[in-house]
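With the hints as extra help, turn the sequences into a complete structure.
Residue numbers (full-length UniProt numbering), protein chains in the order written: chain P, 1 to 434; chain U, 1 to 434; chain E, 1 to 434; chain C, 1 to 434.
Heads up, a few of these hints could be off.
Same chains, same names: a pair is fine if it fits in one copy or spans any two.
[To be verified] 20 Å max Cα-Cα, derived SDA-like pairs, lysine to any residue:
{"#": "1", "residue 1": "246", "residue 2": "404"}
{"#": "2", "residue 1": "236", "residue 2": "405"}
{"#": "3", "residue 1": "138", "residue 2": "78"}
{"#": "4", "residue 1": "322", "residue 2": "234"}
{"#": "5", "residue 1": "354", "residue 2": "278"}
{"#": "6", "residue 1": "354", "residue 2": "403"}
{"#": "7", "residue 1": "246", "residue 2": "91"}
{"#": "8", "residue 1": "236", "residue 2": "404"}
{"#": "9", "residue 1": "367", "residue 2": "238"}
{"#": "10", "residue 1": "367", "residue 2": "242"}
{"#": "11", "residue 1": "295", "residue 2": "243"}
The hints are simulated quantities; they were obtained by calculation from the structure and are not laboratory data.
4 protein chains.
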Amino acid sequence: MKLFTTTSNLIEQMVAWRRDFHQYPETGWTEFRTASIIAHELSILGFQVQVGKEVVSEERMGVPSDDELAVYYENAKSNGGYLEYMEKMVGGYTGVVGTIKGKKTGPTIAFRFDMDALDILENDELTHLPKQFGFRSKYAGKMHACGHDAHSAIGLGLAKVLANNVDQIEGTIKIIFQPAEEGVRGANSMVAAGVVDDVDYFLSMHVGINVPLGTVIAGADGFLATTKIDAKFIGKAAHAGAEPEKGKNALLAAASAILGLHTITQHSDGASRINVGTCISGDGRNIVPAHATLKLETRGENNSVHTYVHEQALSVLEGASKMYGTELFYEIVGEAKTCASSEELVELVGLAAKDIDGVEEVQLRSKFAGGSEDATYMMDQVQRQGGLATYAIFGTTLAAGHHHEKFDIDEAVFPIILNTWLETIERIYEYQRK
Amino acid sequence: MKLFTTTSNLIEQMVAWRRDFHQYPETGWTEFRTASIIAHELSILGFQVQVGKEVVSEERMGVPSDDELAVYYENAKSNGGYLEYMEKMVGGYTGVVGTIKGKKTGPTIAFRFDMDALDILENDELTHLPKQFGFRSKYAGKMHACGHDAHSAIGLGLAKVLANNVDQIEGTIKIIFQPAEEGVRGANSMVAAGVVDDVDYFLSMHVGINVPLGTVIAGADGFLATTKIDAKFIGKAAHAGAEPEKGKNALLAAASAILGLHTITQHSDGASRINVGTCISGDGRNIVPAHATLKLETRGENNSVHTYVHEQALSVLEGASKMYGTELFYEIVGEAKTCASSEELVELVGLAAKDIDGVEEVQLRSKFAGGSEDATYMMDQVQRQGGLATYAIFGTTLAAGHHHEKFDIDEAVFPIILNTWLETIERIYEYQRK
Amino acid sequence: MKLFTTTSNLIEQMVAWRRDFHQYPETGWTEFRTASIIAHELSILGFQVQVGKEVVSEERMGVPSDDELAVYYENAKSNGGYLEYMEKMVGGYTGVVGTIKGKKTGPTIAFRFDMDALDILENDELTHLPKQFGFRSKYAGKMHACGHDAHSAIGLGLAKVLANNVDQIEGTIKIIFQPAEEGVRGANSMVAAGVVDDVDYFLSMHVGINVPLGTVIAGADGFLATTKIDAKFIGKAAHAGAEPEKGKNALLAAASAILGLHTITQHSDGASRINVGTCISGDGRNIVPAHATLKLETRGENNSVHTYVHEQALSVLEGASKMYGTELFYEIVGEAKTCASSEELVELVGLAAKDIDGVEEVQLRSKFAGGSEDATYMMDQVQRQGGLATYAIFGTTLAAGHHHEKFDIDEAVFPIILNTWLETIERIYEYQRK
Amino acid sequence: MKLFTTTSNLIEQMVAWRRDFHQYPETGWTEFRTASIIAHELSILGFQVQVGKEVVSEERMGVPSDDELAVYYENAKSNGGYLEYMEKMVGGYTGVVGTIKGKKTGPTIAFRFDMDALDILENDELTHLPKQFGFRSKYAGKMHACGHDAHSAIGLGLAKVLANNVDQIEGTIKIIFQPAEEGVRGANSMVAAGVVDDVDYFLSMHVGINVPLGTVIAGADGFLATTKIDAKFIGKAAHAGAEPEKGKNALLAAASAILGLHTITQHSDGASRINVGTCISGDGRNIVPAHATLKLETRGENNSVHTYVHEQALSVLEGASKMYGTELFYEIVGEAKTCASSEELVELVGLAAKDIDGVEEVQLRSKFAGGSEDATYMMDQVQRQGGLATYAIFGTTLAAGHHHEKFDIDEAVFPIILNTWLETIERIYEYQRK
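The structure is reproduced here in structure tokens:
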């Protein structure tokens, strides 16, 4: 017997939310509109709502410049953001936590959903469903190409059911809406603000990930530990023909670093990765390049491998800078850990998923190959304080791969996710009673 | 006794032209406004005027994209360009040649002036005179920071005097207004169109170049032969965490090339230079970079050294591309030669300059250290057909060095230049008669 | 009940053989003395003996020069090698196969032992047991530092027992003595000569490998596929001060290649390795280096990963050579595959080892971390033709790690190995009868 | 009228000395035999002789190891070296200064000759005259391939004439025999020992240098300032397959350094050079290279250019080492300056040479293109103390270029040199009297 009952038009409502969010994609730390709408809805539903610095610590990685934040803030204001909440988010503190308490005692269960979009220009052809159905991104060069619009909508749908069934809740349920997952920047700051300090069961998730519709993975592992680094070599400009010796060539430093960085990925304890993804350098063909900026990332299958690669990378950057007499400035703009889902919780989610309509296959565990996720910060924190945590994957049909301009999901996965999470709450309550 | 008489307000007029051109700086191949105004003025003065493909061959280097050309064309249209001439310049054929014939027979003398500006954001402080006097660039990010605005104005001033003294002209005088000197792109195409084929005496010049006001250098030498190359490595993107092996890393190819290119400047026959001035690569931190674009230049003190460096550079680019399985595309977007000023003409210019008001020192020859100039193409062509050619430098006080955001010249140099050129014509006529 | 009975002094004899071989260490393809003594002993024992080109194909990797072969041949001649067999080994065809047939029908079982030594100067201190007991290497700079002297002695010991118990043999037993395992050069050529074409059960092994005395691993896996490459860049010398442009700098090509090679070890299908182990370049400080020789190796956890790394490595070498206008010559001087031990045979060896005196622990499977072995060529061939193959490790106390100048084994492992192999034959016969 | 008279068989004697020295070539700091024979001869002639630490300071660059010195010392002992002098040269203090004073007062004139040979295996074909005439090098791998054997013989010839004409000497004449010119190591140490502190006129020279027989260059300029550097990167070995992360890869550091070093030769004040001439790295194909040794040199057309290149080179070495966590050790093993010959002395030598039999052309000045010479240290010191110095070149026919295995000179140049130097002394006396 189901503990929580859903209303007939809830899925429609979730689809509407998702398509609304899809039209106004906001990248990390600029989710003013998305987060304020979520806060507004949670508030209406009777959730206790926390936003801004209450749930996001001041130490954050990879925050856009004040000028950029201001532009995005204005966009949000012009497109339906709720000022009441947005004002608390000034400066990019765009996290939201909704909390609801049952009448019965019980554990604290937290769900985590991410809200941010990507710097991608959405496809504009009619074969792309968001275009065809009129919910293509209204912000040129920004796109929900990873499904976080769906995640946000699911979080709201779950909130609605819980609000309607508050008498069934045992203990407390928190719904965490996280900014800046792309670039793995946001979770760390929410953990630092204490949002999972009281959590006993932590549930996080992703749609898609090349898993077919109908398949649920109860516990994903294999997240790579990672650091995202912005490195800048500052040299000195000079006319390359007339006085080359007056210059300090930042591009030569960068080139040495790029090659050197890519040589450090052999480790006997596990796989590692390094990638210098972008390089921007120089002011003109005939000028000794006075600056070079690299965006790079290191990854490791486990924390020891990752620590090795990360430390080697810093040595390479520093040495390369010294070679050419430049100055090196670098910043860690993102970070994530490796983390394994908790055995007991994986089993509970697996059991929950098994009987849900539309679920054809449940896999208990699977590797999340080659990627990183900052939900791992929250999982790690919950596990350290004795709680259980898992990361589930809900397969769905994708029009194109994640981060592709034609990315689109089949919304038919919405009831599967909603029902699995509701059923999981029930399973947790049973497990508590044992 | 002076052959050519000038009118009292001519210098004022030249200053006005210069300041007008300064406000509407147009970069190489987009000088629609500047060139059409010049054509219009020349026409009024009675010059025979040629523009567009008549004076610029179709084979050109470093032409902007059609989209860019269209934008600049519209700008010119909105800011006083003459459509009558602009229509002949569609596609960026922005050269102008004005020809005036005397009644007496005599040689063909050509003057060459360049018209293009730079991609520099002009300084906006009141200490910067163009700002203070209200003629700062109206186009953000474009600036006449090398004095070609002055060159163009001098060409018009010279035209005006000649038109007023047509009876004194012996033979023919051509005034060549060249586009795209920056990046040494334009001269080659005007030579190919035949504009100097009939020229017996060729006179070209630059203001400034760190020479003090009052000093004239009658013949500059030491231009470095140069090629400007745009090189693009095209690889293949892949998720750097999940499937690095699916990528072809264009940035690694570029980094290898950058280091390799800078190793090839040792030659026993003379100085050489190589500079990779800019590098733009990659689409995102976690994506194997699928493209990397380098803007580079090679230079050599003489043509044999330059040929060596240029050929080595191509080998390095090709080898680096092969190393990482990328495709290499490159384009020569600029080219200049070394060239020496003709002894006899240097002496004539020296004699002419000696007695001009305001001239304190005349140097017959001097090295134009470390730089390149595509007037060398025209000089070389004239010398090959038996004519004489020189490149003069007219010192003036500079507010800041060439290509600096605060670059500005002292217009007090205008009468010195105008009178030196007029006197030079007279000296040539005398020389002819010997 | 034991099928095969051993004589009381056999272990002593094996020790004597091992110490004799230890004193005359012969590196790959130069095992003239070792191989000819083995052939001689096998012949006396009544084995059918094959040597030279009968068991080693002409296509071999990493063969020393004729001059070197001649020197080693003379050394062998002077130190007790048997000319009767050595004459068939001229040119380095130093493999031996001994075959013995039982009266009863049955399968063909093969054992493989390797014979070659290393280019290491053996320690000369009294604390080093081979020195103390008078069997230190008599060849300066050559040393049995990996235990192949023991392997050879074990092969002979096994042969002796089998010869004494020929009536118990069912079918055929072959003992393969392989040259040139170091550098993974020899096995491939013996496979090509057909020595395992008729083999149903293939047993290979190593002593030591950081496994303690008393522990037996029945089936080692995790050998990395590998290629050993000698690459030579040939440029052109020139006086570096007077005419640098006349040179083609082979060291710059090598340096680019070294960095480039080390960038290619990221693959999502498994671990890979690349190492440029040595670089020798140049003739003098003031001469543009005309040659650079690299010894390198690629490895991969599986054949697809290895193929990728190997192919990328060749591209890097070729591209780097092209960059600097050098010529590239390279040679594959060693090669090995990945291979998994056969499940059924692993179990038979495990059962056999379990009850042997001195065996304290039997592990069925273990990874042979990070190393390569060319026995994999034989294993692969036997498995392809439907046979079973395994690679066992017999732990023993080591005085120092493999390839160390103080490497020494505890010979107490000899009876463990001998008895495990004899018992394994018995288990195979039982298995055959099922 | 000639001041100094020579004996009929002196040239024969000089040829004999040269051919003797040619057979026993000794490289820098190991000229025990050559130097002790010279000392012995000078002593017989009545010169005051100084050897060892009297004329070579303890601070020396590029001294061979004690073991090597011992071997060469023994060779010298076995081949006719004079122990009386050799004993004072133990440790490689192989300089000799012979001083002779006239009865009349006058200036101190010094001649400098270098004595060392090269690490080259001399050609062994009959077409090579030293082979044909039986004076080919008796030391395999060592060769007088630069003519210093001739220089030494000329110094002795000059000494003989002066001893025979001691009454004609006005003031003092010193003949300096310098070790270790190759690698520009020796002069600096002799200067430090004060051997030119009292010198008023300094005369140095080279034979050959691609100048034809009969041509004398009175004052060579254009020596490049140079430093010779031995750089060693010490990393940490590790098994490249099993534990690559345990290593510190010295070869990667070296490869980065090699590329980086070659990028630093662009300077607007003059030509520069850098060459990494040799690289030796690594212990085995499958071991992370724990060491890499580079022999390199920097050069500059003038001291400011050279200082720039030298300092950049050290930065590159240090930065590259830091990149890969290795330790860097480097040593300056040779050094020379740029230096210009003194105008007045060039003229005196030019006048002296003009009338010598066999001299067909006298050039006052010429560039010594692309090379370095440590006589510049002595010249510089003499000029600083107010004296005059020059470096002359005496052309002669060469069988092959300097440092070539077939290098050989035409000894017909001997009388030209001897007579030019004797005449130069006379000219100096005249000049003094003015």
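Taking the hints in turn, this is what the structure says about them:
1. In the homo-oligomer, the alpha carbons of residue 246 and residue 404 lie at most 20 Å apart only across protomers (16 Å), although the nearest pairing inside one protomer, at 44 Å, exceeds that limit.
2. In the homo-oligomer, the alpha carbons of residue 236 and residue 405 lie at most 20 Å apart only across protomers (17 Å), although the nearest pairing inside one protomer, at 39 Å, exceeds that limit.
3. In this assembly of identical chains, the alpha carbons of residue 138 and residue 78 lie at most 20 Å apart only when taken from the same copy (12 Å versus 31 Å across copies).
4. With identical chains, the CA atoms of residue 322 and residue 234 are at most 20 Å apart both within one copy (11 Å) and between copies (18 Å).
5. Proximity of residue 354 to residue 278 under the C-alpha cut-off of 20 Å is found in neither arrangement, the shortest distances being 44 Å within a copy and 56 Å between copies.
6. For the identical chains of this complex, residue 354 and residue 403 are neighbours neither inside a copy (30 Å) nor across copies (55 Å), given an alpha-carbon limit of 20 Å.
7. For the identical chains of this complex, residue 246 and residue 91 are neighbours neither inside a copy (40 Å) nor across copies (39 Å), given an alpha-carbon limit of 20 Å.
8. In the homo-oligomer, the alpha carbons of residue 236 and residue 404 lie at most 20 Å apart only across protomers (15 Å), although the nearest pairing inside one protomer, at 38 Å, exceeds that limit.
9. In this assembly of identical chains, residue 367 and residue 238 lie within 20 Å of each other by CA distance solely across copies; the values are 19 Å between and 51 Å within a copy.
10. For a Cα distance limit of 20 Å, the shortest separation of residue 367 from residue 242 across copies, 11 Å, qualifies, whereas the shortest one inside one copy, 57 Å, does not.
11. Only between protomers do residue 295 and residue 243 lie at most 20 Å apart by alpha-carbon distance; the minimum there is 19 Å, versus 30 Å within a single protomer.
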